[in-house]
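Asks: The lines below spell out each chain.
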Amino acid sequence: MATTRSRRPRASKLHSQGLAAHIFLIPWQLGLLLVTAIPLFASLYLAFTDYNILSSPEFNGLENFRRMFSDEYFWASVRVTLVYVFVSIPLQLAFALLLALILDRGLRGLAFYRSAFYLPSLLGTSVAIAILWRQIFGDDGLINQALGLFGVHGESWLQNPATALSTLIVLNVWTFGSPMVIFLAGLRQIPEELYEAARVDGATVVRQFTHITVPLLTPIIFFNLILQTIGAFQTFTQAHVVSGGTGGPANSTLFYTLYIYQQGFANFDMGYASALAWVLMIAIAVVTAIHFILSKYWVFYGDD
Amino acid sequence: MNEVDRRGFLKLALAGAAAAGLAGCGGGDGAADGVTSLRYAWWGNNVRQQNYTKALKEFAAKNPDIQVEPEFAEYEAFQERMTTQMAARDVADIFWIASAQVMTYARNNLYRDLQGISTLDLSAYDNAALESFKLDGKLNTMPFGIFVPVIRWNQTFAEEDGVELPAGEDEWTWDAWAELLVDYTKDNPKGRKGSPYEADADLPFEAWLRQRGEQLWTHDGRIGFTVDGVSSWFDWWEKLLKAGAVLTLSEQEGMSPDWTLVGDKVLGKVANSNHIIDDAKMFPDHTFKERAVPIAPGAQAGHKFLYYPRMAIYQGIDPDKVEAAGKLINYNTNTVDMLKVVGLTMGAPVNPEILKQAYDFASEDETEMLKVVQADQEAERRPRYEAPPGTNTWRTAMARVAEEIALGRTTVPAGSARFIEEVQAGIDRAK
Amino acid sequence: MTTATAPIDSTRSPAGALTRRRRSRDLLKHLGLGVFVLLMVYPLVWMAVSAFKPGHLILTQPGLVPRDLTFDNFVQGWNALNRPFSVFLVNSLLVSVGSIVGNLFSCALTAYALARLEFRMRKVYLAVTLASVMLPLHVLVIPQYIFFSQLGMVNTYFPLLIPKFLATDAFFVYLMVQFIRTIPRDLDRAAWIDGSGPFRTFWYVILPLMRPALVTTTIFTFIWTWNDFFVPLIYLTSPKMFTVSVALSSMVDSQSQDGVGMLFAMSLVSLLPVLAFFAFAQKHLIRGIATTGLK
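Residue numbers (this note's numbering), protein chains in the order written: chain A, 1 to 304; chain B, 1001 to 1431; chain C, 2001 to 2295.
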């Protein structure tokens, strides 16, 4: 490893550090108290109630959670979301890392490429995406026109339940710009001296990559993995925009948060929506915890 | 460079804090002395936003003691915001009500009673009309337009392809329309089809039910239709689908297709009477016509109905503002001044006097719409009831079933049964 | 580290062969990247071209080459909402800049404490930070709205900005934590030994070293705030307060796609400041510690 291991700070400093920490944390603690905690606990309470937004919530115990088991849309949304998370995240991160590595050094016009690759993410999840996506994957879209050259008559990829989800996975991979930028920033963080020293030692490019770049980048890879996974579990806008909020065709793009939204905002069943949200939160927490446990085996910190 | 950076960082932080403070001062200014400030919330596209803003300004100019704060959003965004506002009881003084929420809001007592507001003149409406405005026997919402279900067709295409709709009312049946669509598609040289697939169109579906002697909702908030009723409707569409006379889901990119996408691919469609005004503008080279939906042989008397978009005064309105709010609603519904500015995209005027006057300033498409509505307004009508609480998403459920039928994932009887089951479950939960 | 036999060993190659090989390799890279760029930006190019077509032809004549060019969409779009579109651009800029300042300030402080200072509850706080991004927005928004509504802050920018100054964007807190953790401890330990307290260490050692993270935070905060729709939609009721994304959504009716031309034109207009900002900011990603070196 590139960094040296050393002792923990002495215990005598602990006290003053604790005091300093709490001063540093004043904004965060205020935010937690005022902005985060109130809605968080409110939603936890609502998960055990029948709450139609317009009248006061009524406690109904575990009813909301019981209801999930027999709710076919709930299960459909679980399926859709899991497929999406496990397919699109590895793809997106692989793209982002690969491109970040290519763009990190030694090429003319880097600024141009970086901006070009980031362009799709800039557009974000604007309403325009729905129309763009139809232009590509629709009945009369680019892909089918290309297939037409080979005499294949394709149907709309967005309206086929078997392919609709894939178009959203493509959408997510297409916007790999954000994790790419974070990777780039992470690569910038690696001290050039380490590479110089390695070169003096005669280490090959491959060896520099596996022995310097990858280990020092692992905290950033880990960050992207965790946060992109959390984000993917909560995918909402893309699905909402592309399917017009329905999650169709035939529930094939009914993402979990889209279903929460439908229950809460369209159906006015905020109690059930809150219960669904807490189940999601627990699921994400479990996945994140697993990531953290596994991280001990592959993430290296400079402060160890 | 580090020194510069840190100083920059600090400066930026201070500037930002100041900007944030200033920004806060910008909004939320209250009314000046003696001037009543009203919040008016509505939905639509940017054209409607411009027109209504202009009309509201004119109203304020005529009533210097009233100031109107417009609150506008696109339809879906409007509902999201309204829901949040309702939860916080921080709602516009006057607001349009999205159709699905009419009864839900009523049951939660969110509308102020409109009777006895001196500035709101109800004298132009007869008792039957007033009765049809009421929800649960209370006059607490004000209809400000009328929609009726229609068949709308592209007259330019009809002439090009030599098609004519049956002239007589007796020949104008659902079967005749279906037959025409099939024939039209069969040998169309330009590959045009009869119609989009719109088995989820709510007003035409309601007309279908009423002709069969069923209804959408009952007076006591139950489902007013049977599995047979829904099945017969879906069947009608499935036959068209199988005959290739309607666009496939792929061709029209899903349920509820965009008119811009399908407008030049089909002869006609089921629609709401008011849609012609916006839709026709998107294809300026074509002429569009509309007429009341077909009538099934032996249709039950009084099957015709009027659908009202409604507005209301919020229950929690400052009592001092009620008279002003009444004045604005009156201006909106009982004068031609406002309609001249905003047009008739929200349907024909409910006030019969105003409806007659509307012909004077109506465009060609608007006149087409006025005629259809006026005929239905003069027809005999059984009462119509709004969707009960818990059914907010009945149209989504219907679209989903219609989609699954088109995709071959379910059969008509099974889909129809499930549709009713889902709607019923919603009603049960809301109780 | 020891030298291993490797396919490309730069120290032993003759200089001429090296540059030739590097040049051809770069050419290949450019070619590959170029094709990839085309794929990536095609939809955006299509949108840009469409913005210059008459509105009703966008969907019916979707080719890349417009038959007749028009600026109508821009002219109409600019004035579509009773006031010039610049109003919304300024509003968005205000909110974005405010959010950037808020996030940089509050998240950096928080991240430093969580990453470097020793105190009880540190792990718990970290977990809470992460947990707070796990609950979807849609069930939080109503209680939050009620809170801000009772403070009389609806239709002001406070509900959008206050959370940023209170480090509620856990994404950035955690991003900064991870970056700080890649900084060798020796550096701040040296400062401690020199007698610097936590505040001086943060200000003089950590903050300059975490510049890539600060730049990343700036970029993302700007873009995400600029694109954010749901929260500004709900809090900003008066059209004069609208941000760009809310204004854009008013251009198309979800029930019909009328106004697509204006939507595209104004999307393009609103994309330009973001693109300019990114092009400018990403340069700062290059000039991080890699060029200044570790001090």
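Just so you know, not all the hints are guaranteed correct.
[What the hints assert, rightly or not] Cβ pair distances, simulated, as ranges:
(1) B:1226 <-> C:2273: 19 to 27 angstroms
(2) A:161 <-> B:1417: 19 to 27 angstroms
(3) C:2273 <-> A:30: 28 to 36 angstroms
(4) C:2036 <-> A:86: 21 to 29 angstroms
(5) C:2127 <-> B:1424: 37 to 45 angstroms
(6) C:2199 <-> A:73: 47 to 55 angstroms
(7) A:86 <-> C:2190: 21 to 29 angstroms
Hint data in this document are derived by calculation from the structure and do not stem from the laboratory.
Even glycine gets a Cβ: it sits at the ideal position worked out from N, Cα and C.
Asks: Is 37 to 45 angstroms respected by the C-beta to C-beta distance linking residue 2127 (chain C) and residue 1424 (chain B)?
Replies: This hint holds: roughly 44 angstroms between Cβ atoms.
Asks: Between the beta carbons of residue 2036 (chain C) and residue 86 (chain A), is the distance compatible with 21 to 29 angstroms?
Replies: Since residue 2036 (chain C) and residue 86 (chain A) have Cβ atoms about 25 angstroms apart, the given range 21 to 29 angstroms holds.
Asks: Could one say that the CB atoms of residue 161 (chain A) and residue 1417 (chain B) fall in the range 19 to 27 angstroms?
Replies: holds (21 angstroms)
Asks: Does the Cβ pair residue 1226 (chain B), residue 2273 (chain C) satisfy 19 to 27 angstroms?
Replies: violated (58 angstroms)
Asks: How does the Cβ-Cβ distance of residue 2273 (chain C) and residue 30 (chain A) compare with 28 to 36 angstroms: does it lie in that range?
Replies: With a Cβ separation near 31 angstroms, residue 2273 (chain C) and residue 30 (chain A) satisfy 28 to 36 angstroms, so the hint holds.
Asks: Does 47 to 55 angstroms hold as the CB distance between residue 2199 (chain C) and residue 73 (chain A), or does it fail?
Replies: holds (53 angstroms)
Asks: Is the distance from the Cβ of residue 86 (chain A) to the Cβ of residue 2190 (chain C) consistent with 21 to 29 angstroms?
Replies: Because 44 angstroms falls outside the window, the suggested range is violated.
The structure is inconsistent with the numbered hints 1 and 7, although it conforms to all the rest.
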